[in-house]
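Fit chain B to the known structure of chain A by using the hints.
Each chain is listed here by its residues.
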Amino acid sequence: MLWIERQRYFIDFALSSLMRRWRKNIALVIVYTLVVFILASIVFFTQAIKREACTVLEGSPDIIVQRLVAGRQDLIPARYADELRKITGVSEVRGRLWAYYFDPASSANYTVISTERPGRDEGCVLMGQGVARSMHAGKGDLIAIRGHDGSYQSFEVKDTFSSGSELVSADLIEMSGKDFRGLFGIQEAYFTDITMKVRNAQERTVVSRKVLNILPDTRPILRDEILRTYETAFAWRSGILLIIFTGSILAFLIFAWDKATSLSIEEKREIGILKAIGWDTGEVIVLKSWEGLIISLSSFLAGIIFAYIHVFFASSTIFEPVLKGWAVVYPRFRLVPSIDPYQITTLLFLTVLPYTIATIIPSWIASAIEPDSAMRL
Amino acid sequence: MIIDPAVIALFTGSFLVSLIILIASWLGLQIVMFWNLQCGSEKQLELEKWTYLVSTLMAYAFGFEILSLFLFVYTTDSLHNLFIGAMCAAGTLNTGTFGYHTLGIKILILILAGVWLVMNHVDGQAGDYPLIRKKYIFLLVIAPLVLLEGFLQSAYFLSLKADVITSCCGSLFSSSQTYGESPLSLMIGFPAGYLQAAFYGSAFLSSGLGFFYYRGFNKLGWFFTISSTGFFLISVFSLISFVSLYFYELPTHHCPFCILQREYYFIGYLLYGMLFGGVISGAGAGILSPFRKIGSLQGPLPIVQRRLTMTSLFLNFFFVAIVTWQMWHSNLVIDR
Numbered sequence: 003m004l005w006i007e008r009q010r011y012f013i014d015f016a017l018s019s020l021m022r023r024w025r026k027n028i029a030l031v032i033v034y035t036l037v038v039f040i041l042a043s044i045v046f047f048t049q050a051i052k053r054e055a056c057t058v059l060e061g062s063p064d065i066i067v068q069r070l071v072a073g074r075q076d077l078i079p080a081r082y083a084d085e086l087r088k089i090t091g092v093s094e095v096r097g098r099l100w101a102y103y104f105d106p107a108s109s110a111n112y113t114v115i116s117t118e119r120p121g122r123d124e125g126c127v128l129m130g131q132g133v134a135r136s137m138h139a140g141k142g143d144l145i146a147i148r149g150h151d152g153s154y155q156s157f158e159v160k161d162t163f164s165s166g167s168e169l170v171s172a173d174l175i176e177m178s179g180k181d182f183r184g185l186f187g188i189q190e191a192y193f194t195d196i197t198m199k200v201r202n203a204q205e206r207t208v209v210s211r212k213v214l215n216i217l218p219d220t221r222p223i224l225r226d227e228i229l230r231t232y233e234t235a236f237a238w239r240s241g242i243l244l245i246i247f248t249g250s251i252l253a254f255l256i257f258a259w260d261k262a263t264s265l266s267i268e269e270k271r272e273i274g275i276l277k278a279i280g281w282d283t284g285e286v287i288v289l290k291s292w293e294g295l296i297i298s299l300s301s302f303l304a305g306i307i308f309a310y311i312h313v314f315f316a317s318s319t320i321f322e323p324v325l326k327g328w329a330v331v332y333p334r335f336r337l338v339p340s341i342d343p344y345q346i347t348t349l350l351f352l353t354v355l356p357y358t359i360a361t362i363i364p365s366w367i368a369s370a371i372e373p374d375s376a377m378r379l
Numbered sequence: 010m011i012i013d014p015a016v017i018a019l020f021t022g023s024f025l026v027s028l029i030i031l032i033a034s035w036l037g038l039q040i041v042m043f044w045n046l047q048c049g050s051e052k053q054l055e056l057e058k059w060t061y062l063v064s065t066l067m068a069y070a071f072g073f074e075i076l077s078l079f080l081f082v083y084t085t086d087s088l089h090n091l092f093i094g095a096m097c098a099a100g101t102l103n104t105g106t107f108g109y110h111t112l113g114i115k116i117l118i119l120i121l122a123g124v125w126l127v128m129n130h131v132d133g134q135a136g137d138y139p140l141i142r143k144k145y146i147f148l149l150v151i152a153p154l155v156l157l158e159g160f161l162q163s164a165y166f167l168s169l170k171a172d173v174i175t176s177c178c179g180s181l182f183s184s185s186q187t188y189g190e191s192p193l194s195l196m197i198g199f200p201a202g203y204l205q206a207a208f209y210g211s212a213f214l215s216s217g218l219g220f221f222y223y224r225g226f227n228k229l230g231w232f233f234t235i236s237s238t239g240f241f242l243i244s245v246f247s248l249i250s251f252v253s254l255y256f257y258e259l260p261t262h263h264c265p266f267c268i269l270q271r272e273y274y275f276i277g278y279l280l281y282g283m284l285f286g287g288v289i290s291g292a293g294a295g296i297l298s299p300f301r302k303i304g305s306l307q308g309p310l311p312i313v314q315r316r317l318t319m320t321s322l323f324l325n326f327f328f329v330a331i332v333t334w335q336m337w338h339s340n341l342v343i344d345r
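Top line first, the protein sequences correspond to chains A and B. According to the numbering used here, the first sequence is numbered sequentially starting from 3. According to the numbering used here, the second sequence is numbered sequentially starting from 10.
Isolated chain A (complex conformation) (with noise of 0.2 Å):
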């Protein structure tokens, strides 16, 4: 208990010098809140978007099988849904038809897909938020989509998805399949690529491996192997806007470094008279460790609230292009809120432990004044 008595009486200490010479902190808080904050929205981003990615893939099929024709994506025929279906543990084989559109109109990319839910009427569309944005077209209103052989055909828009699912459905018009064939003239025997469920989690890799031995001319996507795509990406991504504000952190330290140096002379007078009235070295490096405490955790607190909020309540305006990628139809979406000791203690080393470290030395070099040349002064 005595202990933690002696400590308070440090801090008390700590807190009426820092605030006797608040002009002189003040610039340093905000400089250091400043550098918290940006590293603190990419980590927040890159894990709170990781955390997305994986949410949203759940739903996403076990194994998609695409073929390969000299080395580029193409139709893969339907027959082969046959084959596949006789391999021991997949529960489900089906064939999907997707494609790409540019809209001339808009200049954006929309993703068609069809579907073989039944109700899905011919000459009607459902379509995501993005491109009800992008297109100017509501429930009710009839689009004109140009189809392969350069005529335009119009649908009506049925529905929009709701904004919850925006994150996959912003670029997405859905038809019906013959509607699809028609449009970008796909015969009936074939599809873009075909999905699988595997049964047991354990075998997908097995399945994938009968997958490869059987039709050679494909290529089987495992989930995990999106997942671990996107992670990378992601942690990339990140790592590298963290290597490129390097430049800034060692700015602020050489700034942190600067004003540990620079003591007052009244700064000096100070420890000399503390000092003089009996205090040991020892102590007055206690004192500084706290006083460096108090700025590394409050101007550490501070940025992780401005970051907290400028990620997920400002859908981080800042680092959003470099970290989301950019898309003429992008989804608006707002990131779950969530924070780890994790990503707290990456932050801690990124920031608070480079400063402690640079102002090590320079505290003690105060503390070890003598008192006689510091009264001097």
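Honestly, the hints are just simulated from the structure, not real lab data. Glycine included, each C-beta is placed from N, C-alpha and C at the ideal position. Misleading hints may appear alongside valid ones.
Stated by the list, open to error - Capping the alpha-carbon separation at 30 Å, the derived lysine-lysine pairs in DSSO-like fashion look like this:
| hint | chain 1 | residue 1 | chain 2 | residue 2 |
| --- | --- | --- | --- | --- |
| 1 | A | Lys26 | A | Lys261 |
| 2 | A | Lys270 | B | Lys58 |
| 3 | B | Lys170 | A | Lys52 |
| 4 | A | Lys26 | B | Lys58 |
| 5 | A | Lys141 | A | Lys180 |
| 6 | A | Lys212 | B | Lys58 |
| 7 | B | Lys143 | B | Lys228 |
| 8 | B | Lys302 | B | Lys58 |
| 9 | A | Lys199 | A | Lys88 |
| 10 | A | Lys180 | A | Lys88 |
| 11 | B | Lys52 | A | Lys270 |
| 12 | A | Lys261 | B | Lys58 |
| 13 | B | Lys228 | B | Lys302 |
| 14 | B | Lys58 | B | Lys143 |
| 15 | A | Lys180 | A | Lys199 |
| 16 | B | Lys170 | A | Lys199 |
| 17 | B | Lys52 | B | Lys170 |
| 18 | B | Lys52 | A | Lys261 |
| 19 | A | Lys160 | A | Lys180 |
| 20 | B | Lys302 | B | Lys143 |
| 21 | A | Lys212 | A | Lys199 |
To be verified - Interface residues of chain A toward chain B, partial, derived using beta-carbon atoms under 7 Å:
| hint | residue |
| --- | --- |
| 22 | Val45 |
| 23 | Arg74 |
| 24 | Leu77 |
| 25 | Tyr232 |
| 26 | Ala237 |
| 27 | Trp238 |
| 28 | Gly241 |
| 29 | Gly284 |
| 30 | Tyr344 |
| 31 | Thr348 |
| 32 | Leu352 |
| 33 | Ile359 |
| 34 | Ala370 |
Below, chain B alone, put in the same frame as chain A:
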């Protein structure tokens, strides 16, 4: 190499900690060579001031080493998605080269740095710095280990390569690469019956020695150090070999990292915290016993030693109690 914020943070951390350890050991070397308390020269006064700087540097380095161990385990755990077949930190550590070596050396540094701080604290209690040369020689032993840790960690992260989709055939073929046998599998293979006996035996021996040492049998100091270090090692083995099974309630799951997860109420942090606290205070208490003869330490040293011994006994007792309680109440029953 994988560029991830946490990996960059670990790189930065290890670089900066290596830097301050290098400064501390350079100053330590000067002190070892030129320290002479009887002399009032300017050099000696300077050296005395340096001792404060070294203590501060080491205290910070130790603090960051604790955080770095946590961040390292957590990072390897979060990277497991990137590798085929890795399900948690155990898999990721096995993926590149030097994964387990890095973890091992981090644990070793943590224990040694803890003992160094205990020694430093005791030295500060006496007015004439009786342990100054010894503690700085000890620091010169720790310093190369910290540099080695930085090297191994860098080599490990540089050797990692994510299994991502490639343009030809997905990443399927990369799964055929083999990563060698994990050190964990060696521990799992050890007969659990013997290990259980060794676990309770060493707990009993270590607490018995600790009790008598606490009561003033000063000659048992080194035995207590050895027994508490032994208990630490056997406990880590046991945690992997049989204790973890009762936490996971799965007879095949031996992972030492999954108990750190939310699903197990983060109990791993408590268990590992107690093990580290126990071994640092136990080893520290015993190692200090030869210095009781030094005049200026005769007053403060026994008090510090008694406190350390008590701390070690308490932490080890609660560790054994939690583990035993879990084995007793777990839904898993293993008939041997």
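Against the structure, the hints:
{"no.": "1", "hint": "A:Lys26 with A:Lys261", "result": "8 Å, holds"}
{"no.": "2", "hint": "A:Lys270 with B:Lys58", "result": "17 Å, holds"}
{"no.": "3", "hint": "B:Lys170 with A:Lys52", "result": "19 Å, holds"}
{"no.": "4", "hint": "A:Lys26 with B:Lys58", "result": "28 Å, holds"}
{"no.": "5", "hint": "A:Lys141 with A:Lys180", "result": "22 Å, holds"}
{"no.": "6", "hint": "A:Lys212 with B:Lys58", "result": "72 Å, violated"}
{"no.": "7", "hint": "B:Lys143 with B:Lys228", "result": "21 Å, holds"}
{"no.": "8", "hint": "B:Lys302 with B:Lys58", "result": "27 Å, holds"}
{"no.": "9", "hint": "A:Lys199 with A:Lys88", "result": "13 Å, holds"}
{"no.": "10", "hint": "A:Lys180 with A:Lys88", "result": "27 Å, holds"}
{"no.": "11", "hint": "B:Lys52 with A:Lys270", "result": "23 Å, holds"}
{"no.": "12", "hint": "A:Lys261 with B:Lys58", "result": "22 Å, holds"}
{"no.": "13", "hint": "B:Lys228 with B:Lys302", "result": "12 Å, holds"}
{"no.": "14", "hint": "B:Lys58 with B:Lys143", "result": "18 Å, holds"}
{"no.": "15", "hint": "A:Lys180 with A:Lys199", "result": "25 Å, holds"}
{"no.": "16", "hint": "B:Lys170 with A:Lys199", "result": "28 Å, holds"}
{"no.": "17", "hint": "B:Lys52 with B:Lys170", "result": "52 Å, violated"}
{"no.": "18", "hint": "B:Lys52 with A:Lys261", "result": "28 Å, holds"}
{"no.": "19", "hint": "A:Lys160 with A:Lys180", "result": "17 Å, holds"}
{"no.": "20", "hint": "B:Lys302 with B:Lys143", "result": "15 Å, holds"}
{"no.": "21", "hint": "A:Lys212 with A:Lys199", "result": "14 Å, holds"}
{"no.": "22", "hint": "Val45", "result": "5 Å, holds"}
{"no.": "23", "hint": "Arg74", "result": "10 Å, violated"}
{"no.": "24", "hint": "Leu77", "result": "19 Å, violated"}
{"no.": "25", "hint": "Tyr232", "result": "9 Å, violated"}
{"no.": "26", "hint": "Ala237", "result": "4 Å, holds"}
{"no.": "27", "hint": "Trp238", "result": "5 Å, holds"}
{"no.": "28", "hint": "Gly241", "result": "3 Å, holds"}
{"no.": "29", "hint": "Gly284", "result": "6 Å, holds"}
{"no.": "30", "hint": "Tyr344", "result": "5 Å, holds"}
{"no.": "31", "hint": "Thr348", "result": "4 Å, holds"}
{"no.": "32", "hint": "Leu352", "result": "5 Å, holds"}
{"no.": "33", "hint": "Ile359", "result": "5 Å, holds"}
{"no.": "34", "hint": "Ala370", "result": "5 Å, holds"}
The structure does not agree with the numbered hints 6, 17, 23, 24 and 25 stated previously, though it agrees with the rest.
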